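In case it helps, our numbering puts the sequence shown at residues 1 to 324.
Hints listed in this document are in silico derivations from the structure and should not be mistaken for laboratory results.
Values in this document were obtained by computation on a predicted structure and should not be read as measured data.
Hints are not guaranteed to be accurate.
Said to hold, decoys possible - Pairwise CB distance ranges (calculated):
(1) G292 to K246: 41 to 51 Å
(2) A45 to K246: 41 to 51 Å
(3) N192 to G292: 34 to 44 Å
(4) P146 to K49: 15 to 25 Å
(5) T239 to P146: 20 to 30 Å
(6) A53 to R291: 23 to 33 Å
(7) R273 to K38: 20 to 30 Å
(8) I15 to L258: 48 to 58 Å
(9) R160 to T7: 37 to 47 Å
Ideal placement from N, C-alpha and C gives every residue a C-beta, glycine not left out.
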Amino acid sequence: MKGAFLTVYDGLDSIGGNKILLESGEIRVFLDFGINFKRHSSLFAEFLKPRPARGVHDLLELGLIPPLPIYREDLTPSDLDLPCDRPLDAVYLSHAHLDHWGCAGLLSLQTTVCCSAMTAAILKGVQDVRRESPWEEVAYLSRREPDEDDSRVLNSSRNRNKPLEGRRVEVPELPPKLQELWKQSPQTRPLNAELSKGSGPLPCKLWEVDHSIPGATAFALETGAGWVVYTGDLRMHGTGGHLTEKFLEEAAGLEPRLLIIEGTRVGRKEERRETEGEVYRNCLEICEGERGLVVADFSPRNFERLETFRRIAEETGRELAVLP
């Protein structure tokens, strides 16, 4: 079958939450599989969350994830009736912000996760230090088991000697430190995690792009209809702006059939862009004019901003303290 088909299940007219299905011949892949925070926060709160013992049931019933048979068997309770369909071959994760990967842990173990080496390292690190949640089980997982009295209820395994089960994760290169990290278990349980060099089932080109988190990647996938380019999140005003420029130039050379690009700032009228260099200079000036403690607040995993304040602390004779 020639051609390609694109279905946007989430991420249209919203910031993040991207879940975009791309089909080429018999191959089916998702471009990101993130949390739509706007829709999620309209239904849940800090102490009101989807029931863990019901797997993907609540998320499907509330329309927060696509109604497709692409999820882990151990998270699919007996009372769910999903349509028969072809399996999902892979998910391409553009970067490690939750609105782009936060639901990927729900996907079937037969689905290969494709991302940059840095994104893989961050996802493994996040999973190692955070409380166990099936949403975030991208690198490895603890399989759930149906309750003996009610198969609709899914319980975590109580067998602490049973190894944590790994997914198939593919990265374009395999740095030795990443391979070492991948073998380390955060628990006393052994870990069987699978990491290999590759870029998924479709011919693929990858570019690192400028974003507030390291490892952000744009993809070009060759389909039966031609090249499809997916940018993920990108910008020009950070320290890696030259990376985005390189991507734009090289991706244009492919003469893509389709470009899928984020539009967070498209509707904003202001033309001026504040660079990370300006943030550094402005914050340095403020800190130089203050004595004692200075508190800075910025988004999680914004390592570039963290480095900005590390420099400022050093240059103003302060010690950088970070909340755990």
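Query raised in the report: Which of the numbered hints are not met once you compare them with the structure shown?
Result: 3, 5, 6, 8
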